Amino acid sequence: MLVGVGVVFFVFLLLWTAILWWVATRASVLVPYEGISAVVTRLRRWGTLLIVVVLALAFLLSLPFLPYPSSRAARLGPPQVTVEVTGRMWAWELSQKTIPRGQTVEFVVRAVDVNHGFGIYAPDGRIVTQVQAMPGYTNRLLYRFDEPGTYTIRCLEFCATGHHLMVAEFTVQ
Amino acid sequence: MAGQVGNGNSAQAQRSVEQATLVYMLVGFAVFLLMGLLGLLMRLQHAGWIDLGPRWFYRIMTLHGAGMVAGVLLASLGGVARVIAPRIGLSPRLLWTAFVVYFLGSGLVILATLVGGFAAGWTTTYPLPVRGDWPMSATWGFLLGYTLVAVAFLLWCVAVLFGAVRAFGGLGNALAWPVLFGRKTERPLPTGPELAATVVAIDGVIAVGAGVVYLVPIFAQMLGLVDGFDVLFAKNMLFLFGHTLVNLNIYLAVALVYATLGAYTGRMFKMGFPVALAFNLVIILVLLPYFHHLYQDFVQPWPLHLIGQFGSYAVGVPAFFVTIVGSLGYLYGSQVRWSAPVIFILAGLWGWVAGGVAAVLDGTIAINNVMHNTLWVPAHFHSYYLFGAAGFTWAYLFHTLGGSEGWVTTPAARWLSWLYAIGAGGFVVAFFLSGLQSVPRRYAEHIAAWHPLAQLAVPFVLLLGIAFLGLLFLSLRAIPAAWRAPAPAAGSDD
Ligand code: HEM
Ligand SMILES: [Cu+2]
Ligand SMILES: [Cu+2]
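Line order of the protein sequences matches chains A and B.
The first sequence: position 157 = 157 (the numbering used here), numbered continuously.
The second sequence: position 11 = 1011 (the numbering used here), numbered continuously.
Incorrect hints may appear among the rest.
[Unchecked claim] Only some residues are given here: those of chain B computed to face chain A with a beta carbon under 7 Å:
| hint | residue |
| --- | --- |
| 1 | Asn1009 |
| 2 | Val1130 |
| 3 | Phe1298 |
| 4 | Val1299 |
| 5 | Phe1321 |
| 6 | Ile1324 |
| 7 | Gly1333 |
| 8 | Gln1335 |
| 9 | Ser1438 |
| 10 | Tyr1443 |
| 11 | Arg1477 |
| 12 | Ile1479 |
No wet-lab data here; the hints were simulated from the structure.
Computed from a prediction, not measured in an experiment: that's the story for all the values here.
Beta carbons: idealized from backbone N, C-alpha and C, even for Gly.
Hey, can you work out the whole structure from these sequences and the hints?
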């Protein structure tokens, strides 16, 4: 996912830079505005239509990939393992530190003091999924780990002085 | 200038308005430079080259965020007030009062963080402000400081609303509805900046209302009147306030683009159907995207998540068809007078759109699940802000100080402006790459694997700093003249 996002973003950035560069070089010459204003009107009409269509498609295509429990359960199957997670300033408590691979896990995430962020980092250092840990609420996060190894939990919601120290680990085997 | 509108200012009042708004912009610029220095410190820390310790890092982070948002907003409010005052008739006394209130509020924020040790981040997400390891007096100072800044902003909004309604004869006219619905009217119509200011004022009042709903229970809790309140509700109010406020800043800045570009291209922004449509859409659309801050709060009702994704996608569309296509059309083939303001606007379009596309990606719920609270988020709003909201505002400031033929067109000013664009560009690209590497935001300590990208960012930040110091030096000499003499024509009118 992250690689895809990066590619889309940087390809767009290159294109956009090129467009601006071209406009900048053409800004120094004189072209009567009558000719340009017709192009501007067309760009407004068709460019807007194009953008609306692309955004609408992206919106629809993204819907099956919602991270919420019902959506994840539909893709991964119902949870087979339940892990209770509690966040407090500044430590994580997990009901178990070993998780079987290939099974759907349900993390039941709570916080006792302030908001924390339950972020799971894969062995390669990338975030695989996350959910907020909120006082007074219980959030359920479903995920299936297919790669074995040591996963790192990092707090992803600012919780003051010890925020960056809220790190824990679990093993997938 | 279009026909005299109802209640324009007298010449003397207008001069006083120009002095007040110059002070808004210069103080905002000074705050921006100082807060930028704090930003450099944080990136040096991320690079592993200095060690501030977590307490100071988080205080600095809180002050940098709050100070930047407040400083840039102050400058934009000043700039827009200066552009719209002649026809809308803002009173100098009101502008000076708002400035003093704003200044006192900012002073409290600085004391609360640097002396009091308040470090809950600029968003001060409940219940952190009342659960931190700093004295409660620091929380009082910080939140009262915010309250004063919000009051000053509210004063500005209310003054603009009343002024616009009076000048154009009703809210509908002030919102250019005759243009929108093709109705004939005897009344003069608002210009782009006047319309933008009215829209910002309307949403500004709503945002401040949400801010009050957020702050009052916290004050009540600190006074011992209540034990606590719902964190999810608090977060909704917080971001309805904070996200909206920050977004409104860009519309103020866009108004300043309208007011600046004409002087260098010879082509004036015109009030027409697309502009009227875009800004009327924005009134509603700008209130929706804030839900994207809560995607990972799984207990929030899911339709609100989808509204957030819809709003995050939709809010960019009016900007595309009016400001982006419009400005590029005005630049193309205009034999533009290359100068610091033009380069800032061109770079501003680059970064503003880059930040916008990054926001659309991150505003997608499925993607947000792996990007939320990584450095991708500051990467997005730094592009958007540093280039857009701030960059456009500095374009107008330099234009105000330099005219369309003064120091801003000298080779030194142009080179420094390009240097700024490169410095700011490298800085935000490194931020984006850090986000793709899953580096968390708001971490006082970074593991070794995260250092290289921060190290890459540092030279670009230095470049940015050098560019701004040079521009500051060039512009300082123009300040006395700008204080005494009336400003060059804004170039915004039809
Ligand atoms: C001038 C160059 C700038 C530099 C070098 C800089 C640097 C930084 C850094 C390193 C962070 C911390 C990122 C993290 O670890 O989460 C940060 C956060 C932030 N910056 Fe900047 N920044 C700059 C300009 C701006 C501008 C123009 C704004 C405009 C409003 C701004 C607003 C913020 C905000 C709101 C935060 C978040 C603070 C928080 O998380 O509480 N910065 N900046
Ligand atoms: Cu935490
Ligand atoms: Cu945390």
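Identify whether the interface hint at Ile1479 (chain B) stands, where standing means a beta carbon of chain A within less than 7 Å of its own.
With Cβ-Cβ at 29 Å, over 7 Å, it is violated.
Using 7 Å as the Cβ threshold, decide whether Val1130 (chain B) counts as touching chain A.
Result: violated, 9 Å to nearest chain A Cβ.
Interface hint status, Ser1438 (chain B) versus chain A (Cβ within 7 Å)
Since the shortest Cβ distance to chain A is 4 Å, the answer is holds.
With a cut-off of 7 Å, does the beta carbon of Phe1321 (chain B) approach a beta carbon of chain A closely enough for the hint to hold?
Holds, about 5 Å.
Restraint: Gly1333 (chain B) near chain A, CB-CB cut 7 Å. Satisfied or not?
It holds, given that the least Cβ distance between Gly1333 (chain B) and chain A is near 3 Å, below 7 Å.
Asn1009 (chain B) as an interface hint toward chain A, with CB separation required under 7 Å:
At about 32 Å, which exceeds the 7 Å cut-off, the nearest Cβ of chain A leaves the hint on Asn1009 (chain B) violated.
Does the CB of Arg1477 (chain B) sit less than 7 Å away from some CB of chain A?
With a closest approach of 28 Å, the Arg1477 (chain B) hint is violated.
Should the interface hint for Gln1335 (chain B) be scored as holding, given a Cβ-Cβ cut-off of 7 Å against chain A?
holds (5 Å)
Under the criterion of a CB-CB separation shorter than 7 Å, is Phe1298 (chain B) in contact with chain A as hinted?
holds (4 Å)
Does the nearest C-beta of chain A fall within a distance shorter than 7 Å of the C-beta of Tyr1443 (chain B)?
holds (4 Å)
Identify whether the interface hint at Val1299 (chain B) stands, where standing means a beta carbon of chain A within less than 7 Å of its own.
holds (5 Å)
Hint check: 7 Å Cβ-Cβ cutoff, Ile1324 (chain B) to chain A
Since chain A brings no Cβ nearer than about 9 Å to Ile1324 (chain B), farther than 7 Å, the hint is violated.
The earlier numbered hints that this structure contradicts are 1, 2, 6, 11, 12.
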